[in-house]
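> Chains G and S are the protein sequences, given in the same order. Our numbering numbers the first residue of the first sequence as 1 and each following residue consecutively. Our numbering numbers the first residue of the second sequence as 95 and each following residue consecutively.
It is possible that part of the hints are untrue.
What the hints assert, rightly or not - Facing chain S, a subset of chain G residues (Cβ under 7 Å, in silico): (1) H20; (2) H22; (3) S25; (4) V26; (5) A36; (6) E65.
If you're looking for bench data, these hints aren't it; they were derived computationally from the structure. Values in this document were obtained by computation on a predicted structure and should not be read as measured data. Don't be surprised by glycine CBs; every beta carbon is placed ideally from N, CA and C.
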Amino acid sequence: MSSDWPLWEVFVRSKGGLAHRHVGSVHAPDAELALAHARDTYTRRMEGVSLWVVPSAEIVASDPEQAGELFEPAESKIYRHPTFYDIPDEVKHI
Amino acid sequence: MATVAVDPRTDYLLRLGDDALILGQRLSEWCGHGPVLEVDISLANLALDLVGQATLLLNEAAGDGDGDRLAFHRDVLDFRNCLLVEQPNGDFAQTIARHLLYTTWQHLLLQRLTESSDQFLREFAAKAVKEIAYHRELASDWTIRLGDGTEESARRMAEGLDWNWRFVPELFEVDETVELAISPGIAIEPRGLEADYRSAIDAVLKEAKLARPPDQRPILGGRRGHHSEHLGHILAAMQFLPRTYPDAKW
Numbered sequence: 001m002s003s004d005w006p007l008w009e010v011f012v013r014s015k016g017g018l019a020h021r022h023v024g025s026v027h028a029p030d031a032e033l034a035l036a037h038a039r040d041t042y043t044r045r046m047e048g049v050s051l052w053v054v055p056s057a058e059i060v061a062s063d064p065e066q067a068g069e070l071f072e073p074a075e076s077k078i079y080r081h082p083t084f085y086d087i088p089d090e091v092k093h094i
Numbered sequence: 095m096a097t098v099a100v101d102p103r104t105d106y107l108l109r110l111g112d113d114a115l116i117l118g119q120r121l122s123e124w125c126g127h128g129p130v131l132e133v134d135i136s137l138a139n140l141a142l143d144l145v146g147q148a149t150l151l152l153n154e155a156a157g158d159g160d161g162d163r164l165a166f167h168r169d170v171l172d173f174r175n176c177l178l179v180e181q182p183n184g185d186f187a188q189t190i191a192r193h194l195l196y197t198t199w200q201h202l203l204l205q206r207l208t209e210s211s212d213q214f215l216r217e218f219a220a221k222a223v224k225e226i227a228y229h230r231e232l233a234s235d236w237t238i239r240l241g242d243g244t245e246e247s248a249r250r251m252a253e254g255l256d257w258n259w260r261f262v263p264e265l266f267e268v269d270e271t272v273e274l275a276i277s278p279g280i281a282i283e284p285r286g287l288e289a290d291y292r293s294a295i296d297a298v299l300k301e302a303k304l305a306r307p308p309d310q311r312p313i314l315g316g317r318r319g320h321h322s323e324h325l326g327h328i329l330a331a332m333q334f335l336p337r338t339y340p341d342a343k344w
């Protein structure tokens, strides 16, 4: 029965101000029950204040076979990391 | 006459506490047997909410805070739960029907209980009403999906409602004991909830494209300890361990 139901990706916002993070997936027959299943599966220990569910079929993923051309060129571009600046002590949370 | 003679407030706490305990125990029977993993977890969550409510209510009813004594060391005749909550799980639809019929009533009751003259019940209701709002919502959602689903799911949902329907009038019964708890404002007059209850259930059934089951001869007695044969079996499973090993710790 579960395999007849579409899969939904679940995103949880752990507290106000933080972004929703992907935490896993659930099977459910429709959006409303997908939210209920996500609530019951992923927020039973006060993990979140907000939930998103997205039909897994709607996620567009990059092709693992293209990983070389997509991601490896970034490896040698060390100058793209902002590590060459001195951050003043007064600036917190970076 | 049951062996526990108690004052009206304690009796009212037992009624609510035993409802929560027995329904929680019933739902926990689904653990590991749910139709799908997500529903299994969902039913276990509902069971845990109810067992948590039972703990608060029975600890208060015990007087000395020892609700376990009430849960595990009373026999069938001393339990004050309504007959609806002890009904067998049946299939998933029958479990959902029972949960819809009970938690719709419980939700209306808890909303009123937040204004009880009794401080414990006010505080209890304020906590539990949020949990039960979700139970009612989930049970309504499933009733609608099963009723307005396939031919088989609609048939099973209708059968589940038929099974449980005759136990609904007991929820609105007022006997002498509850009357004594109503007059000082501790308990809620349940008959005042009946019109809201009927229209709430009707609204769900309409959306579920199901007919309201015909009213049958009501079956009463749970509040006075006259239970169906099911309760003894529930207690046998629930009470076996603490009765067999009274000093067990876990």
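> Of all the hints numbered above, which does this structure not satisfy? Sort the numbers upward.
Going through the list in order, the structure violates hints 1, 2, 3, 6 and respects the others.
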